[in-house]
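Note that the protein sequences, when read in sequence, are chains A and B. My numbering applies: residue 214 is where the first sequence begins, and numbers increase by one. My numbering applies: residue 2 is where the second sequence begins, and numbers increase by one.
Incorrect hints may have been included.
[As the list claims (entries may be wrong)] Covered stretches of chain B, going by a simulated chain A footprint (3 or more residues, C-beta under 8 Å):
(1) 14 to 21
(2) 29 to 38
[As the list claims (entries may be wrong)] Some chain A residues well away from chain B (every beta-carbon gap over 10 Å; in silico):
(3) Thr248
(4) Glu251
(5) Glu254
(6) Pro255
(7) Thr262
(8) Glu271
(9) Ala310
[Claimed, not checked] Selected chain A positions facing chain B (Cβ under 10 Å, derived; list incomplete):
(10) Val307
(11) Arg311
(12) Asp316
(13) Asp317
(14) Ser320
(15) Arg323
(16) Arg327
Just so you know, the hints here were simulated from the structure itself, not pulled from any lab data. Just so you know, even glycine gets a beta-carbon here, dropped at the ideal spot from N, CA and C.
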Amino acid sequence: MTPAIDEDRLSETFAALASSTRRAMLARLAEGAATVNELAEPFDMTLPTVSKHIKVLERAGLVHRSRYAQYRPCSLDPEPLEEVSTWAEQYRPVWEARFDRMDDYLSRLRFQVRTNKNND
Amino acid sequence: MTDRNAHDTVVMDRSFDAPVDVIWQLWTDPQHFGAWYGPEGATIPVAKMDVRVGGKRLICMEVQTPGGQVQMWFAGEYREVVANKLLVYTESMSDQNGEPASGVPEGHPVTTEVRVELWDTGGSTRMVLTHTGIAADSPGAAGWAMALDKLAAHVRSFLQRS
């Protein structure tokens, strides 16, 4: 396992990405920063609902909100997405280790076969 | 990797100095399977494997941790079984009865699929393993993966500009 990957955060990223609304918001933010009103535009949703979605994205670290600008624009932080892409890569060292053990086990089996033959 | 599922799939290609039927047994005979599958120091006290299409599998992995012994259970089903050639099964975290483990967040790849392809290369074996994070049959998986691909493309173009 790669220690650099935070399982809880990864789960949060996946949970955040599990909504088509939130993915659409991220796609919009990939084109540049936007205010909550701008993000709400394509959706038939109340502002509080939109805010809730943004909060989920913020908690997952996918969206960053400026603390100082008057309209607190949202911007995209792609870093957690890169961790998502390495999720599958976590399994590479796991399988490597398993296959090494498979090799060791095959050697033991061969040794047993040889020993049995010699005893015949 | 360049295939469209690159974000949720890991592919391993490896050769073993053993005939293909031996490698097949290592995957399908519970006793052989338990001998290599777990990480170093782990044991496989339970390996129930009904190796036929639709057959169930239930694996228990026991690991020693500083906090004591921990048991992890994995349940799944065989999807494709062609002796000495192809084995496909699903796998999910489960309890000891094979029921899905609780507490997996929405959208997390709950079920994974393991695909093992074997080729006889003149007495030794080439094995290609494909482990996919989102099973083809999980609800909305295909759409989800496509959406994520689109998003990744957006993010890449965003990174190139900044």
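Now for the hints, and whether the structure bears them out:
With 4 residues having a beta carbon nearer than 8 Å to a beta carbon of chain A, the stretch 14 to 21 of chain B meets the requirement of three or more and the stated coverage holds. Coverage of a stretch by a chain is defined here by at least three residues with a beta carbon nearer than 8 Å to that chain's beta carbons; for the stretch 29 to 38 of chain B and chain A the count is 4, and the condition holds. Every beta carbon of chain B lies more than 10 Å from that of Thr248 (chain A), the smallest distance being close to 18 Å; the non-interface claim holds. The non-interface label for Glu251 (chain A) is consistent with chain B: the shortest C-beta to C-beta separation is roughly 16 Å, beyond 10 Å.
No Cβ of chain B comes within 10 Å of the Cβ of Glu254 (chain A); the nearest lies about 18 Å off, and the non-interface call holds. Distance check on Pro255 (chain A): its Cβ is at least 15 Å (rounded) from any Cβ of chain B, clearing the 10 Å threshold; non-interface status holds. For Thr262 (chain A), the shortest C-beta to C-beta distance to chain B comes to about 17 Å, beyond the 10 Å cut-off, and the non-interface label holds. Listed as a non-interface residue, Glu271 (chain A) keeps its Cβ farther than 10 Å from every Cβ of chain B; the least gap is roughly 17 Å.
Remark: the non-interface label on Ala310 (chain A) conflicts with the geometry, its nearest Cβ contact in chain B lying 6 Å away (cut-off 10 Å). A hinted interface residue such as Val307 (chain A) counts as satisfied when its beta carbon comes closer than 10 Å to some beta carbon of chain B; here the least separation is about 7 Å, so the hint holds. Checking Arg311 (chain A) against chain B: minimum C-beta separation of about 6 Å stays under 10 Å; hint holds. For the restraint placing Asp316 (chain A) at the interface with chain B, the shortest Cβ-Cβ distance is roughly 7 Å, inside the 10 Å limit, so the hint holds.
Restraint check, Asp317 (chain A) versus chain B: the minimum CB separation of about 8 Å is within 10 Å; hint holds. Interface hint at Ser320 (chain A): satisfied, since its Cβ lies 9 Å from the closest Cβ of chain B, which is below the 10 Å cut-off. Because the closest C-beta pair between Arg323 (chain A) and chain B is about 8 Å apart, less than 10 Å, the hint holds. At its closest, the beta carbon of Arg327 (chain A) sits 14 Å from a beta carbon of chain B; the interface hint therefore is violated under the 10 Å criterion.
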